[in-house]
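Assemble the whole structure, with the sequences as input and the hints as a guide.
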Amino acid sequence: MKNLFILGLVLLFSSSCNSTGRKAIDEEQFASHWYQGKAEINVFDLKQMRYGEEREGNAVMIFVTEDFSKRKQVKLDDPAAAGKGAMKVMKLNMTRDFVTGVYPYNTMLSVFTPVYDELNSPKITASVTEWCGQSFVQLNWKNNKYQAKLFSYFESEGDQEISISAMSEDEIFNLIRLNPDLVPTGHLKIIPSLIYNRFTHHPLDAESVNISKRKAGSNQAEIEVIYSEIGRKLLIRYMDAFPYEIMSWQETQTKEDGTEEVTSAVRTKVQMLDYWEKNGLQDESIRNSLGL
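Numbering-wise (our numbering), the sequence shown opens with residue 33 and increments by one.
Treat the hints with care, as some may be off.
Simulated pairs of lysine-lysine, DSS-like, Cα-Cα distance not exceeding 27 Å [to be verified]: (1) Lys265 - Lys287; (2) Lys107 - Lys123; (3) Lys245 - Lys55; (4) Lys177 - Lys104; (5) Lys221 - Lys245; (6) Lys123 - Lys79; (7) Lys181 - Lys120; (8) Lys247 - Lys221; (9) Lys181 - Lys123; (10) Lys123 - Lys70; (11) Lys245 - Lys287; (12) Lys70 - Lys181; (13) Lys55 - Lys123; (14) Lys123 - Lys174; (15) Lys287 - Lys55; (16) Lys247 - Lys102; (17) Lys70 - Lys265; (18) Lys247 - Lys265; (19) Lys70 - Lys120; (20) Lys104 - Lys116; (21) Lys247 - Lys174; (22) Lys120 - Lys107; (23) Lys174 - Lys107; (24) Lys247 - Lys301; (25) Lys55 - Lys177; (26) Lys301 - Lys79; (27) Lys181 - Lys245; (28) Lys265 - Lys301; (29) Lys70 - Lys221; (30) Lys79 - Lys55; (31) Lys221 - Lys102; (32) Lys107 - Lys55; (33) Lys102 - Lys55; (34) Lys174 - Lys104; (35) Lys177 - Lys116; (36) Lys310 - Lys221; (37) Lys55 - Lys221; (38) Lys177 - Lys265.
Read the hints as simulated data drawn from the structure, not as lab findings.
Laid out in structure tokens, this is it:
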């Protein structure tokens, strides 16, 4: 019965996808993990550099598939009614929580990446909140470029609207989960992480990078993203077999004086969970099982 159920899901979702879609995805294998009505919750021990010091905290990466509006670029309330206006996406919600002195930092990144359509992620958002205020960035892919809106409590940044014709670094995590072969390699220009952008206040634009892949032991691999001009490096380690779980990531920032600041996150827990159904007081014990 389980195999018949999975086969039915494969037929349902493959019938609505682009026939020239992402050929690197094994649909039956993909459905067995991602179309069971649950999200994958990944918890990481976080060591976050901020204001020149290392802060301990936690990061959570929530991966889940959902139906997305091609036109409105939001989650659909009624996918069946949307018809061809719907697309299946892999959504990543990623949080970081840590404390700087007396006050807390909370960040959230959301990335919506097409499962079947060969398109850049149609929507990416990021927010940073702390006691001084909050900032928010939203990227929408339209007319072969990102239309970006930036909101900040800093006068020098204010409210901005810009256009950038490049893929985003933040999409790489989702591409790994779909199939690491989808991650481009070599020299290209990409938009740095939106959280990096908020932390550094570096002008948001496409930057030159070199992306490479390599084996990291018998069953793991790494993707490295090196920025040639802004002193940033991202290293992501993942399982080199489906469902390509993210095991750790590391950000290195080289400052003008040559010193390096390293932020790292190592996974400690993973659980498939329909967390949206677990919202009662009695469900709070689940957080203990996740180490939260």
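query: Are the Cα atoms of Lys55 and Lys221 separated by 27 Å or less?
result: Judged against 27 Å, a Cα distance of about 24 Å means the pair holds.
query: Does Lys79 lie within 27 Å of Lys301 when you go C-alpha to C-alpha?
result: Holds: Lys301 and Lys79 sit about 16 Å apart, inside 27 Å.
- prompt: For the pair supplied as a hint, Lys310 and Lys221, is the alpha-carbon distance within the 27 Å limit?
  reply: Since the Cα atoms of Lys310 and Lys221 sit roughly 41 Å apart, the hinted pair is violated (cutoff 27 Å).
task: Would you mind confirming whether the straight-line C-alpha gap from Lys55 to Lys177 stays at or under 27 Å?
output: holds (24 Å)
query: Are the Cα atoms of Lys102 and Lys55 separated by 27 Å or less?
result: Status holds; Cα separation ~21 Å.
message: For Lys174 and Lys107, compute the direct alpha-carbon distance and say whether it is at most 27 Å.
response: Satisfied, since the Cα-Cα distance of roughly 17 Å is no more than 27 Å.
task: Would you mind confirming whether the straight-line C-alpha gap from Lys107 to Lys123 stays at or under 27 Å?
output: Roughly 10 Å between the alpha carbons, so the hint for Lys107 and Lys123 holds.
- request: Take a quick look at whether Lys247 and Lys221 sit within 27 Å of each other, Cα to Cα.
  value: holds (24 Å)
query: Is the hinted pair Lys181 and Lys123 satisfied, with a Cα-Cα distance of at most 27 Å?
result: holds (20 Å)
- prompt: Are Lys181 and Lys245 close enough, with their CA atoms no more than 27 Å apart?
  reply: violated (32 Å)
message: Just to be careful, I want the Cα atoms of Lys221 and Lys102 compared with a cutoff of 27 Å; is the pair within it?
response: With Cα atoms ~25 Å apart, Lys221 and Lys102 stay inside 27 Å; holds.
message: Lys177 and Lys265 were given as a pair; does the straight-line alpha-carbon distance stay at or below 27 Å?
response: Holds: Lys177 and Lys265 sit about 24 Å apart, inside 27 Å.
Comparing the model with each earlier hint shows violations of hints 12, 15, 16, 17, 21, 27, 29, 30 and 36; every other hint is respected.
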